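Starting from the known structure of chain A, fit chain B onto it as the hints suggest.
Chains as they are written, first to last, in the numbering used here: chain A, 1 to 796; chain B, 1001 to 1223.
These aren't lab readings, by the way, just hints derived from the structure by calculation. Hints may be right or wrong, so weigh each one.
[Unchecked claim] If you want a taste of the chain A side facing chain B, the calculated C-beta under 8 Å gives, among others:
hint, residue
1, GLN103
2, PRO110
3, CYS198
4, GLU211
5, THR314
6, LEU428
7, VAL470
8, ALA472
9, ALA637
10, GLN647
11, LEU649
12, HIS689
13, VAL698
[Claimed, not checked] Beyond 10 Å from chain B on every Cβ pair, some chain A residues (computed):
hint, residue
14, PRO23
15, GLU26
16, THR72
17, LEU104
18, THR233
19, PRO313
20, GLN321
21, ASP429
22, LEU468
23, ASP596
24, MET620
25, PHE644
26, ARG650
27, ALA667
28, THR739
29, ARG786
Note that the structure is predicted; figures quoted are calculated from it, not measured. Think of the CB as a built atom: it goes at the ideal place given N, C-alpha and C, for glycine as much as any other residue.
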Amino acid sequence: MNPSEITLLDGGTGTLLQAAGLPLGELPDTWNLTHPQQVIALQRQYVQAGSRVLYTNTFGANRFKAAGCGYTVEELVTAGVRCAREAAGPGCEVALDIGPIGQLMEPLGPLSFDEAYETFRQMLTAGEAAGADRVIFETMSDLQEVRAAVLAARENTRLPVWVTMTFEASGRTFLGVPVSAMALTLTGLGVEALGFNCSLGPKELLPLVRELRSWTPLPLILKPNAGLPDPATGEYRMTPEEFCRDMEEAFPCGIRMAGGCCGTTPDFIRELARHLPRGPLPLELISSRGGLCSGRRVAEDGRLRIVGERINPTGKKRLQQALRENDLDYIVALGLQQQEAGADILDVNVGLPGLDEKAMMVRVIQALQANLDLPLQIDSSDPEVIEAGLRTFCGRALVNSVNGKEEVLNAILPLCRKYGAAVVGLCLDENGIPESWQGRVEIARRIVEAAERYGIPRQDVYIDCLTLTVSAQQSQALETLRALMAVKRMGVQTTLGVSNISFGMPEREILTVSFLTQALAAGLDCPIVNPNSPAIRKAIAAFRVLCGADEGGEQYIQLCAALPAAPAAGAPASSGAAPARPASGGSSGAADSLEDAIFRGLGAEVVRLTGEALAGQSEMEIIEQRMIPALNRVGDAYERQELFLPQLLRSAQAASQGFEVLKSRLAQHAGESLSRGKILLATVQGDIHDIGKNIVRVVLENYGYSVTDLGRDVPPETIVEAVLREKIRLVGLSALMTTTLPSMEKTIRALRDAGADCKIMVGGAVLTPEYARQIGADYYARDAKRSADIAREVLG
Amino acid sequence: MERKLTGIPRAEALRYLGVRGEPDARLTADLDRCEAQLCAAAVPRVCWRSFAREADGTLTGTSFRPGGEAIARHLAGCGQVLLMAATLGAETERLIRRAQVRSMADAALLDALASAAVENVCDRFCEELAARFSPQRLTSRFSPGYGDFPLSQQREVCRILNVQRMLGMTLTPGGLMIPQKSVTALIGVSDSEAPSPARPRCADCPAAGNCRYRKEDTFCESI
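So here's chain A without its partners, still in its complex pose (with noise of 0.2 Å):
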């Protein structure tokens, strides 16, 4: 393919075989062996119209979407291949098709990323086996599907990758990736070429060509549909002149692949050929944007970021307890509040002696990117620790860290260019950290020279020049900030965990800002600190003021009406204080006692009265004597319905927040366990509606019984492995569709048959006490008041 002209794509198929006698709702890919004269006969019209590379009909023959059609997904593909080798003839390239797998990936569907890859490895193999020239993954929505798409054929065949994805004209696509972050993470990924297709025309697509532009350099692709279909009919009705008028709009903008989606056919591709610029395109030079992202929201090169440096274990027992729980709830919520207070990137570490860190790590970056929006810095020493989290993150992450001793870089960079991300470079080596800041330098320049070998380019490494304890090395400071000016100059970017500077000294807070305030004065770009702490966060809104580019100064007099000064003496610093967890509002208003708080919901009264009451007594007598009393009321109210689900949740939201107190407390003389019984709840297979389910489990929970969550969709298998293992004694199952009720009855059967030892509630929309006795329950639990009532009968 010649890098200086526009290679002509095909243009749209699944109408077309309609057209030809396909019927609408029927997988077009199996006319690849039924009908393949025709398909054959619409990709030669296209090879004449002027298509130099031919997409096969294979976009729906993965596993799912051919399920029950009477072939396999090998079968489809070679002989889409085959088809469209046999239209494509000498001189036009045969590109493996390969749309969405039809099925959403986790959190939002049931779908998981293995799942997807292995979907995608078997057309993969099945297509290059058959002779495709390079693959397309196209019409796609969801980045992390892309990316277990483009690994597949990274790992397993030699395919030239191209993707290309679908966009709304807000820039997003359904799933609400933006252009952005698509184009930082597959470019990262090394695919060949990307761009757009399918939903829009030319016209609407035009912006988001110039934005794509900007924040990558490879060949752009762009396969439009023809305008908007007419709804009733689905018929387009925009011209071939009118498309390819358009089209010539886009081509400067750094297209080098041009073709067309729905609606188009072969006339599109012969007067698109017809548009084609004459000669050689000339070079362009672009600047491209970077930065770090997740699959919602960038990070960008060039301005100040704050790294929240909370999620980490060391020297924090309740983040320690809940590490070793698997209480993930607890890690979100410190996520959260940092990404509220104006964190731009996480840094995650979980490293815990005898904990398995590789696991966790994945549990961890999962739970944290379906709840929140900023990209990660993945911390670890362990290579495998740090590509099992590269791998399970949707975007370009961060990697804290390497350093200048040769066996890191050579461990740690391959994985940071293989799944695109950017690194941490801690200016330290086998000689520990130089006193000199020269000795940093030469060590920042020993990393950066490493990187650029394998092929990380020196904006993506982010030099750590080290904060040394002031107290003990009082001569340090001074040089870290010669150091930072110094690698500045590299063209490197910069990072600085700040807080270690004041260490051992009173007030440490005014010696940490002074110093994070010089730092960022110095070129630091990317200071690692606690986004909670209103003097640091003032300090970086400040400089941004300073340094002009906070206009008018506006974020920072927002911030200071936000967080108005602390009185002077007696404040509770609050870098330590515990994640509130269910923050959201309306908790004002006093309370005349804990129990009081309780039953009107009243979070934050809820945390006061609760640390009040702890003077007096123990933790065990706040929940027996108090709590518990308090959602009785609640509990009683709401069968005589004078207090609705609403009003029981708000309760039990506010409990939880009292217990995150009592556990707290905990934590920090460890080995009591506030638990009066474990309950394991799941919906069934098959069934994705777990909202009820959830309802339940914090009902549960803020009666003081430790929940086992299996989640929803849950093999019977599964849940009775973790009864056993676990000793349960009551299985809450739930399920909300008629069609998930016979997956019910096969977990109980499952159970029974395992001999577990515990009784079986059931719930659910449809479920009915009739139904629930027929599949072999002990309970029937109509709402989430009735199953604590029964885990009180079945537990105490």
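Structure of chain B alone, referenced to chain A:
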């Protein structure tokens, strides 16, 4: 087709939450706040296609023949059938899922509001269709899973409408829709002006076996 979400029927949401009587001030404030979040997140989309209906009930140009007596009764006398799908979009799904971690109380409110919202989107869309097809008359919506119209046929409806490409909707292997706040339905177009268009019967509702309203000898607003 993208639409805007405006005004969610509050009474409907309260009914889903099981709230009887007037909501108190706190609940009203919470609902207001959640409704604002939902309106900001939701991107309602609808799509539809029109088909002639053959004598055996098959939709012309497809191999789709709606199964069961209930749908046959519902479409009796209709020579034309509209297939429709509507969704509040993935961002709504994400909003409700995320709320479940932060505040289950908010999540329950959002869930109920979103259920009311997607029904409302369908209602307003059907009014538009009714105006477009006037003087022909439209039956009410009838969805897979009502009565003996098999839920498994959801898959055929979704394929014909190409809902993944048009609306970003997908079906799980078990035939459940994601985003969950989505609807598919069939609507009959009747040439005759006289008989009042069919509405689904109580007995066709999937919740009939366990319906609180039926136990109390009242009805929900869907009937």
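Hints, one by one, checked against the model:
1. Given hint, A:GLN103 at the interface with chain B, holds; its Cβ is 6 Å from that chain's nearest Cβ, closer than 8 Å.
2. At a threshold of 8 Å, the smallest CB-CB gap from A:PRO110 to chain B is about 5 Å, leaving the interface hint in force.
3. Interface restraint check for A:CYS198: the shortest CB-CB distance to chain B comes to about 7 Å, inside 8 Å, so the restraint holds.
4. Interface restraint check for A:GLU211: the shortest CB-CB distance to chain B comes to about 19 Å, outside 8 Å, so the restraint is violated.
5. Below 8 Å, beta-carbon pairs count as interface contacts, and A:THR314 has none with chain B, the closest being about 25 Å; its hint is therefore violated.
6. Interface hint status for A:LEU428: violated, as the beta-carbon distance to the closest one in chain B is roughly 38 Å, over 8 Å.
7. The interface hint given for A:VAL470 is broken, as the beta carbon of that residue sits about 39 Å from the closest beta carbon of chain B, more than 8 Å.
8. The beta carbon of A:ALA472 comes no nearer than 41 Å to any beta carbon in chain B, farther than 8 Å, and the hint placing it at the interface is violated.
9. With 8 Å as the threshold, the beta carbon of A:ALA637 stays out of range of chain B, its nearest partner Cβ sitting at about 12 Å, so the hint is violated.
10. At a threshold of 8 Å, the smallest CB-CB gap from A:GLN647 to chain B is about 7 Å, leaving the interface hint in force.
11. Given the 8 Å rule on beta carbons, the hint for A:LEU649 holds: about 4 Å separates it from the nearest Cβ of chain B.
12. Look at A:HIS689: its Cβ gets to within about 6 Å of chain B, closer than 8 Å, so that hint holds up.
13. Taking 8 Å as the C-beta cut-off, the interface hint given for A:VAL698 holds, the closest approach to chain B being about 4 Å.
14. The beta carbon of A:PRO23 sits about 5 Å from the closest Cβ of chain B, which is not more than 10 Å, so the claim that it is off the interface is violated.
15. Its closest Cβ contact with chain B, about 7 Å, brings A:GLU26 to no more than 10 Å, contrary to its assignment away from the interface.
16. Residue placement check: A:THR72 keeps its beta carbon more than 10 Å from all beta carbons of chain B (closest about 18 Å).
17. Not every C-beta of chain B lies more than 10 Å from that of A:LEU104, the closest at about 5 Å, which undercuts listing it as non-interface.
18. Residue placement check: A:THR233 does not keep its beta carbon more than 10 Å from all beta carbons of chain B (closest about 7 Å).
19. At roughly 20 Å, the least C-beta separation between A:PRO313 and chain B is larger than 10 Å, which holds for a residue marked as non-interface.
20. For A:GLN321, the shortest C-beta to C-beta distance to chain B comes to about 18 Å, beyond the 10 Å cut-off, and the non-interface label holds.
21. With a least CB separation of 42 Å from chain B, A:ASP429 remains clear of the 10 Å interface cut-off, as annotated.
22. Every CB of chain B lies more than 10 Å from the CB of A:LEU468, the least distance being 38 Å, so the non-interface label holds.
23. Distance check for A:ASP596 against chain B: the nearest CB is about 14 Å away, which clears 10 Å, and the non-interface claim stands.
24. Its beta-carbon lying about 25 Å from the closest one in chain B, A:MET620 satisfies the requirement of being farther than 10 Å from that chain.
25. Some Cβ of chain B comes within 10 Å of the Cβ of A:PHE644; the nearest lies about 4 Å off, and the non-interface call is violated.
26. A Cβ of chain B approaches the Cβ of A:ARG650 within 10 Å, the least distance being about 5 Å, so the stated non-interface status is violated.
27. For A:ALA667, the shortest C-beta to C-beta distance to chain B comes to about 20 Å, beyond the 10 Å cut-off, and the non-interface label holds.
28. At roughly 5 Å from the closest C-beta of chain B, the C-beta of A:THR739 falls inside 10 Å, breaking its exclusion from the interface.
29. The beta carbon of A:ARG786 sits about 13 Å from the closest Cβ of chain B, which is more than 10 Å, so the claim that it is off the interface holds.
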